Every structure is written in structure tokens, then in C-alpha cells.
Amino acid sequence: MILLFKFVDRRRVRNIETKKTSQKPIIEIKALGKTFRPKSGEVKALEGINLSINQGDIYGIIGMSGAGKSTLVRCINLLEKPTSGSVFIDGQDISKITEKELRTVRYSVGMIFQQFNLLMQRTAEKNILFPLEIAGVDKETAKKRTAELLELVGLPDKAKAYPSQLSGGQKQRIAIARALANNPKILLCDEATSALDPSTTNSILKLLKEINQKLGITIVIITHEMSVVEQICSHVAIIDKSKIAEDGEVEDIFRNPKTEIAKKMIFSEGDQGSVIMGRNTYRVVFDEKSSSDSVIAKMVLETKCLVNILHADMKNIDGFAFGQMVIQLPEDELSVARAVHYLRSHQITVEEVGTHVG
Amino acid sequence: MWDSSMTTLIVQGTFETLYMTLASTLLAYIIGLPMGVLLVTSDSEGIVPMTLLNKTLNIVVNITRSIPFLILLIAVIPLTRLITGTTIGSTATIVPLVIAAAPFIARLVESSIKEVDYGIIEASLSMGASPMQVVTKVMIPEAKPSLIIGAAIATTTILGYSAMAGIVGGGGLGDIAIRFGYYRYETGMMVITVILLVLIVQLFQEVGMKIAQKQDRRK
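From first to last, the protein sequence lines stand for chains A and B.
Residue numbers for the first sequence follow my numbering, beginning at 1 and rising by one.
Residue numbers for the second sequence follow my numbering, beginning at 1 and rising by one.
Just so you know, the hints here were simulated from the structure itself, not pulled from any lab data.
Take the hints with a grain of salt, since some may be wrong.
Stated by the list, open to error - Keeping only pairs whose Cα atoms sit at most 30 Å apart, straight-line, the calculated DSS-like set for lysine-lysine is:
(1) Lys100/A <-> Lys214/B
(2) Lys81/A <-> Lys210/B
(3) Lys158/A <-> Lys214/B
(4) Lys44/A <-> Lys114/B
(5) Lys210/B <-> Lys126/A
(6) Lys126/A <-> Lys114/B
(7) Lys137/B <-> Lys100/A
(8) Lys126/A <-> Lys55/B
(9) Lys24/A <-> Lys158/A
(10) Lys39/A <-> Lys55/B
(11) Lys144/A <-> Lys206/A
(12) Lys55/B <-> Lys100/A
(13) Lys139/A <-> Lys144/B
(14) Lys55/B <-> Lys160/A
(15) Lys39/A <-> Lys144/B
Stated by the list, open to error - Quick list of the computed label-pair ranges, beta carbon to beta carbon:
(16) Asn62/B <-> Pro38/A: 23 to 33 Å
(17) Ser65/A <-> Val48/B: 50 to 60 Å
(18) Lys243/A <-> Thr136/B: 37 to 47 Å
(19) Pro198/A <-> Thr64/B: 48 to 58 Å
(20) Gln213/A <-> Gln213/B: 37 to 47 Å
(21) Lys39/A <-> Leu52/B: 18 to 28 Å
Everything numeric in this text was worked out from a predicted model, so none of it was measured.
Even for Gly, the Cβ is constructed at its ideal location relative to N, Cα and C.
Okay, chain A solo, but in the shape it has when bound (with noise of 0.2 Å):
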């Protein structure tokens, strides 16, 4: 057990310290609906959302597939326009701007993409200078910032690579030089992980985190993978059916998760397939209250009764440890009510499941 706990444990460890955020709100989204209307009726991707974004936040927001968070992210910047409610920029309400002061509002807000979005006929060294060139940065000066862009991501020797000759994490880092060139306020990272194998992602969360902390610039991250908040995010949004299910600091939601959706999000990470159960098995959910100790091989001692686990999934957050754990219990029913009995004594909650927990 404790073994198990200090597996997980190494392979979770966050970064408990919350850097110090200056308490302005960047993006303030209010009463936010999107419809979408296509020919064959209606389809409602967000509806009464509101979200306050601080300057230097590493906002996340988490959803299934569906759920609307691309769209969301998208009104950020207007990509996509919102059918009702508003987005304020830095105080600025922008859905009431006109498309020019709009695309000067957009110097200001950076994007990357699940797929990269680089342009395929451009060098890495010429997808920089493309926003700059947009702006009308004088060329001497953007010539400047693409080398000082290109050392930042790492990739100085890529600078006359096309996309085609790069790796993802590549691709990636060289549209974060992009998203950057206009020294932007905030950076929105649309699924900016999802495509890439777990190291790479690592590295360009490290990336992403080093950014926030070097130059100050709020990032909100899109992500349907819960590992990704967990490893850089300060703040988390549960975005569920088109609207906020939860939000607040990442620490405060793993800790205690009030709806169902941040539940199964947090807790069913990695769980990608369902366990099949023979019988007597329950369902063991550690809290703040409990699992300091190694609980279940005290209560194995205690009770004598054997027990098997299928299942464990816990995080470490704050120095508890959170969580929940299948296990499966003797035939005799004598020493599974005090199996359950010892665990709800130590104010922990277990419940019986069915044939599969998925």
C-alpha cells in the first residue's frame, strides 16, 4: 500500500507553491451563449458562462469532448462570435469593437493549436515574422525578435527548417515562438497537447510553465486531460453539457470536487477502460479526512480480512493524498462488514459497486 501510494505519488507530484497573482481580472467573460444554427435545428455550445481570467493566471479549462470548450476558447478571441453576453480584454469589451480595433486587440492575444497550424510554405524562421509582419513590425526589428523567439523555444539551428522537416513538440515550440512575437498578454492553448506523445508534452508544459513565469503572460489551456492541469494550471474551469460545472484554484476543486463531472474527472484519470468486478467489491474513496496512513494495510492487520485490490488511482495534492480505490472483499460476509466497518470509522467513504466500474 504505502509502495502503491509512492508510485503514484512520484508520477503526480505538483507543484504545491501558487506563484503570487496580481488580482486584475484579464478576461472577464459574462453570461457568454453561443448557439450554433445549421440547417437542421439548434445546437446550444455554451450557454451562461462566466469566467474572470487574473493577469498571470495558467487557467485551465477541462472538458469531455463536446462539451463546448473549444468554442469557448474561440470567444476569447472571437473567432468564433458569441450569440449573447460579452468578453472584456484587459477592461475592454470587445464584442462591441469593430473588426479593426478587433484585429489590434488580437496583437495582444496569442494562440496555439492542437494541430499546429503552421504554414506549411513557410520556413520555421518565416512562420515568426508572419504575425510581425501582419503588425507591421519594421523588418529590422522582427528580424531581431525571430531570433530572440527561435532562442526562447530552443530551436535556433531550426530557424530555416519548413514544418514538414520538424517533429510535433517541434511544430509546437516554433507556433509558441509564433504566438509570442507580438509580445501578447495572454496565450490561449487550444488542445496544444493532444497531439503529442506523453515527453514531449512534458516538455512543452515545462515550456508553457517557463513562459508564464519569465514574461508574465496568462495562459488559458484548453484540455480534455486532467494530468495537464495538474501539472502547470493555477486555476481550473469543469466545463460540462455547455456550461461551467466548477470552477476556482486547482487545489481547491482536486480537494473537493462538489459535482459529479469534476468527480469522474479527477478521479477516473487514466481509466480509460472499465475493470471487470467479480463480487464483493467496493468502492474506496479517500478524501482530506482519511489516507494519511496507510489505511488498508492497517485494516488489513486489524480485521485479518484479505483484501484484493483491482484497482487504485490516487493523486497526491497538498501533502494528502486523494483518490479512489476498487478492492474486493472475502465471500464471508462476517469479515466484510468489518472490513467496511473499520474503513467508515476512518471516516472512509465505501460503497458497493456493480459488476464493472469504469
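Let chain A serve as the given structure and place chain B on it in line with the hints.
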């Protein structure tokens, strides 16, 4: 039957054909390229949706494309006379060629530009690009290899049309083929002009493909 005047005729015909084809292609692109771009951008899913303009363009393109070239050639004779002052010869043929080729080119350009991944266009919009910047800096450069292949196809099609203009005295190799090969049963002449036409088509096609391949950075 063969003498030096025949050689002169063929050489002159070849130059007339090249002149008609290249001049018409150039002029047709001046009209067709913006039309093709507008067809994409004004679409309801495009970057500047303009339904009325889009529908009008589509109708104009479809009507022009459905008229057989031979009929168009004769139908626009008054316009040809108005513009060039004559209705025979290669310069006169350029007018119907441009009218027939521009909508065809518009469709070629439209399909090339539609091949550009929307994600790239979205990314450029997110950086604050104006619609004009999206067209000139993203759509056209990104579609370049495909546009060049389209240009090779357009050129060879126009070459074929130009030969048809021989029927009404349009000049060029087609004219020679009809006057000598068809009206005077001089099979040798017919064969020579056909071979020359085939060679010119091959040349344009090959050169177009080579340039497109060299310009393609996607692989």
C-alpha cells in the same frame, strides 16, 4: 507538295498558337484569380461571407462554362470586333478565349484555395490578419503548388480551345490544320500540326508539374 513556304507557315502558326495561348492565359488569370478567391471568401463559411455576391458569381461561372466554346466564339463576335477592331486572326481570338477561360480558371483557383487547411487560416485570423492579408499572405502562398498545377491545366485547355478557333479563321496551328488538312485533304499537314500541338501541351504540362513539385514544401 513540301516547300519553304510551308515551313514558314508552320513556324508562324506555332508562334501564333503560343501567342494566343499565353496572352489569353495571362488575361484570363487577371480576371479568374480574383473571381476564384472571391468564390472562396464570400462563401457562407468563408472569411467574409457575402451570400448575394457568391450566388451571382456561381451563376455567372456556371452559365459561361456550360456554353460550348465554338458557340461562344461566334456569339461574342460583336464584342470581339468592338475590342480588337477585327474578327479574324490570333489577336481577335484572344477575346473569346479569355471569356471562356476566366470562369474555368476561377473554378480551378477556388478548388486550390479550398485545399488550404482551415486551421492555418484560423491561426492567421487569430493573429489579427485582415481578410486581404489572409488572401495574399496565406491562401495564395499556401495554395501555390496546387495553383501552379492548375495553371498548367488551364494553359493546355486554352491551347486546345485556340485550335478550335481555326474554324472561324482564328490563326495558329488549328487554323492551318483546318485549312490544309481538312479543306484540302493534305493529311501530312494535318499530322504535323497535331504533333506540334501535342508537343506544346506536353511541354506546358511537364514544366508546370516540375515547378509545382519544386515549390511544394508540404513533404
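Status of the hints after comparison with the structure:
For the hint linking Lys100/A to Lys214/B, the alpha-carbon distance of about 37 Å lies beyond 30 Å, and the restraint is violated. For a cut-off of 30 Å, the pair hint linking Lys81/A to Lys210/B is broken: about 43 Å separates their Cα positions. For the hint linking Lys158/A to Lys214/B, the alpha-carbon distance of about 21 Å falls within 30 Å, and the restraint holds. For the given pair, Lys44/A sits about 28 Å from Lys114/B by alpha-carbon distance, which is consistent with the 30 Å threshold.
Using a Cα cut-off of 30 Å, the hinted pair Lys210/B and Lys126/A holds, with the two alpha carbons roughly 24 Å apart. The suggested pairing of Lys126/A with Lys114/B holds, with an alpha-carbon distance near 23 Å, which does not exceed 30 Å. A distance of roughly 18 Å separates the Cα atoms of Lys137/B and Lys100/A; the hinted pair therefore holds under the 30 Å criterion. About 37 Å separates the Cα atoms of Lys126/A and Lys55/B, which puts this hinted pair outside 30 Å; it is violated.
Proposed proximity of Lys24/A and Lys158/A is contradicted: the alpha carbons are some 38 Å apart, above 30 Å. For the hint linking Lys39/A to Lys55/B, the alpha-carbon distance of about 18 Å falls within 30 Å, and the restraint holds. Our distance criterion of 30 Å between C-alpha atoms is met by Lys144/A and Lys206/A, whose separation comes to about 25 Å. At roughly 27 Å between alpha-carbon atoms, Lys55/B and Lys100/A fall within 30 Å of each other, so this suggested pair holds.
Simply put, Lys139/A and Lys144/B have alpha-carbon atoms about 24 Å apart, close enough for the 30 Å limit, and the pair holds. The suggested pairing of Lys55/B with Lys160/A is violated, with an alpha-carbon distance near 43 Å, which exceeds 30 Å. The suggested pairing of Lys39/A with Lys144/B is violated, with an alpha-carbon distance near 34 Å, which exceeds 30 Å. At about 25 Å, the beta-carbon gap between Asn62/B and Pro38/A stays in the expected band of 23 to 33 Å.
About 30 Å separates the C-beta atoms of Ser65/A and Val48/B, a value inconsistent with the hinted range of 50 to 60 Å. For Lys243/A and Thr136/B, the hinted distance range of 37 to 47 Å is satisfied, since their beta carbons lie about 41 Å from each other. Range check, Pro198/A to Thr64/B: about 56 Å between beta-carbon atoms, so the 48 to 58 Å window is met. Remark: the range hint 37 to 47 Å for Gln213/A to Gln213/B is upheld by a beta-carbon distance near 46 Å.
As the Cβ distance of Lys39/A to Leu52/B is approximately 19 Å, the hint placing it in 18 to 28 Å holds.
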